[in-house]
Amino acid sequence: HLATSLPLPSERDHLRPRIDLVVFMIDIKSKYSLKNVETSLAHVDASFFLGKVCFLVTGVGRVNACSIETNAVCKLGEAYCSPVLFCELELEGIRVTTAQRLLRMLRICAGHIPGVSALSFVSLMRKSYDD
Amino acid sequence: MDETVAEYIRRTVLKIPREEIKMMLQKWGFLSEAQLQTLNFHQIKDNISQEVVHLCEENSADIKQAAALDIIYNHMYQNKRMWSVYQMKKSGEELEYFDITDFKKKFKGSLRSALKNVTITFKEYEDNAIWIRVAWGTPYKKPNQYKPSYVVYHLQTPYVFISASVLKSNLPLLCQALIVASNYHGIREMELRSHSLNSLKDIVFKRYSQNFQTYTPKPLQGGNLEPENADIRIVQENRSEKERIHRLNQEVFGSGPQPKLEFAQYQLETMFKSDPKMDVLDKKEPFRCLVKFSSPHLLESLKSLAPAGMADAPLSPLLTCIPHKARNYFKIREKKCLFPESFVSP
Chain W
1 HLATSLPLPS
11 ERDHLRPRID
21 LVVFMIDIKS
31 KYSLKNVETS
41 LAHVDASFFL
51 GKVCFLVTGV
61 GRVNACSIET
71 NAVCKLGEAY
81 CSPVLFCELE
91 LEGIRVTTAQ
101 RLLRMLRICA
111 GHIPGVSALS
121 FVSLMRKSYD
131 D
Chain D
1001 MDETVAEYIR
1011 RTVLKIPREE
1021 IKMMLQKWGF
1031 LSEAQLQTLN
1041 FHQIKDNISQ
1051 EVVHLCEENS
1061 ADIKQAAALD
1071 IIYNHMYQNK
1081 RMWSVYQMKK
1091 SGEELEYFDI
1101 TDFKKKFKGS
1111 LRSALKNVTI
1121 TFKEYEDNAI
1131 WIRVAWGTPY
1141 KKPNQYKPSY
1151 VVYHLQTPYV
1161 FISASVLKSN
1171 LPLLCQALIV
1181 ASNYHGIREM
1191 ELRSHSLNSL
1201 KDIVFKRYSQ
1211 NFQTYTPKPL
1221 QGGNLEPENA
1231 DIRIVQENRS
1241 EKERIHRLNQ
1251 EVFGSGPQPK
1261 LEFAQYQLET
1271 MFKSDPKMDV
1281 LDKKEPFRCL
1291 VKFSSPHLLE
1301 SLKSLAPAGM
1311 ADAPLSPLLT
1321 CIPHKARNYF
1331 KIREKKCLFP
1341 ESFVSP
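Residue numbers (my numbering), protein chains in the order written: chain W, 1 to 131; chain D, 1001 to 1346.
If you are wondering where the hints come from, they were derived from the structure by calculation, not from laboratory data. Bear in mind that the values here come from a model prediction, so they are computed numbers and not experimental data. Incorrect hints may have been included.
[To be verified] Some but not every residue of chain D turned toward chain W, in silico, with C-beta under 10 Å:
hint	residue
1	Ile1234
2	Gln1236
3	Glu1237
4	Arg1239
5	Ser1240
6	Gly1309
7	Met1310
8	Lys1335
[As the list claims (entries may be wrong)] With beta-carbon atoms standing in for the labels, derived distance ranges:
hint	chain 1	residue 1	chain 2	residue 2	range
9	D	Gly1254	W	Thr4	21 to 29 Å
10	D	Gly1254	W	Tyr32	26 to 34 Å
11	W	Met125	D	Ala1311	30 to 38 Å
12	W	Ala99	D	Pro1314	18 to 26 Å
13	D	Gly1254	W	Leu8	26 to 34 Å
14	D	Lys1080	W	Glu11	48 to 56 Å
15	D	Met1271	W	Leu6	34 to 42 Å
16	W	Glu11	D	Gly1254	27 to 35 Å
17	D	Pro1307	W	Leu124	33 to 41 Å
Idealized CB from N, CA, C, for every residue including glycine.
The task is simple: from the sequences and hints, build the whole structure.
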């Protein structure tokens, strides 16, 4: 399900299945994108932040066009205890790899991988030198 | 052959891209087919142009023929120049039968009576347009062929497109000659400028696709909104909002290609509105400010702002009125009434 912001339109509530993973896409070229994500985060139920939320930063290939500092995004990830992934959508190879990573995360969050829960996975993803 | 003419022809040929030289010389028609056969178009342009000049010498070219070649070049590469649009005004009388020879005679007469040293060249094209090239001199100097003005006049319309040379002082003479020759009473400059001559024509002749308000009680089926998302596993949560934006965009811009403009300039003479407690600018004078939008294709980029999520739909009418009002230079002054909003001056 693709949405431009949260909350989701309520008229489609009955058509929506269970949500296993929320990926917030932040375009590093747009300050507005970061602001939009920060506003939308307030509409997410706290239980999602136990491994079912992930931040995806796009556009990192275009170094000259960065409007947001990676530091700011990493701080956001720490504040919400969620992993931050970086990718460049314009390159097919990276696009495919990122999609595969997200799919693997989704399978864990949906409970398809026995022995690994969303919460245990996200604690593995956390950077060890932060602790 | 005059040395200055030879040099001018040589420089004009040098401007033409190598692949186009043969075609342009053929269009010019001054050199015979046999002469063109003798030219080697596979050498460097410097040599090609020298050979062309030799052939022109054989045919004794004069400035008239050289100017004709220049018009052909500028007609083909018209988008390299900046064009302004002028509108002529009639006093309301019936337009007499238009005679092209009469027009040319009156135009030349009017210009030459004011300024002896001018080179005037005419060329008619199929789309009912007449191209006029004027090279300007002074009472003591021969015309400068390298800075001519170009006029494109569409017969039976009051519109003239002018690409003036740097010498702005000659513009009134040019306008005067146009009015005299075409039996109009006045001429005014419209605030419309662009490099794309065809787009300017599209705007003033209303040839671009405008959307006429049609009554549709239900929203139209957004059939070709996202053709690439044929994957049914992707669900767009904000589909209704996307469709609303698409519909509003269609209403404002129409569904066809937009005329090509490069700038929109807004000169603001409005009051600076700040918190009265802050007391910034205690002089109650308008805050003068110039806002300029530029883009390789301004109207298309404005059209794609809302669908790309970069602006709210509907866009400000100050931006969307550009083709309808046929202008891209605006002066915005304070509206002096109850509602302190700005308005667009005529």
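### Query
Should the hint that glutamine 1236 of chain D touches chain W count as held when the rule is a Cβ pair under 10 Å?
Glutamine 1236 of chain D check passes; min Cβ-Cβ to chain W is 5 Å, inside 10 Å.
### Cβ distance range 21 to 29 Å for glycine 1254 of chain D and threonine 4 of chain W, holds or violated
holds (25 Å)
### Task
With respect to the beta-carbon atoms only, verify the hint that lysine 1080 of chain D and glutamate 11 of chain W lie 48 to 56 Å apart.
holds (53 Å)
### Task
Using the Cβ atoms, figure out if glycine 1254 of chain D sits within 26 to 34 Å of leucine 8 of chain W.
holds (33 Å)
### Satisfaction of the methionine 1310 of chain D interface hint, Cβ to chain W closer than 10 Å
holds (8 Å)
### Message
Given the hint of 33 to 41 Å, is the C-beta distance from proline 1307 of chain D to leucine 124 of chain W inside that range or not?
### Response
At 40 Å between Cβs, range holds.
### Message
Assuming the hint says 26 to 34 Å, is it satisfied by the Cβ distance from glycine 1254 of chain D to tyrosine 32 of chain W or not?
### Response
holds (28 Å)
### Query
Under the criterion of a CB-CB separation shorter than 10 Å, is serine 1240 of chain D in contact with chain W as hinted?
Because about 7 Å separates serine 1240 of chain D from the closest Cβ in chain W, which is inside the 10 Å limit, the hint holds.
### Task
Determine whether the Cβ-Cβ distance between methionine 1271 of chain D and leucine 6 of chain W falls within the hinted range of 34 to 42 Å.
holds (39 Å)
### Task
Report holds or violated for the interface hint on arginine 1239 of chain D, using the least CB-CB distance to chain W and a cut-off of 10 Å.
holds (9 Å)
### Query
Is the hinted range of 18 to 26 Å satisfied by the C-beta distance from alanine 99 of chain W to proline 1314 of chain D?
violated (35 Å)
### Query
Going by Cβ atoms only, is glycine 1309 of chain D closer than 10 Å to chain W?
Cβ of glycine 1309 of chain D sits 6 Å from chain W, so the hint holds.
Of the numbered hints stated above, those contradicted by the structure are hints 8, 12, listed in ascending order.
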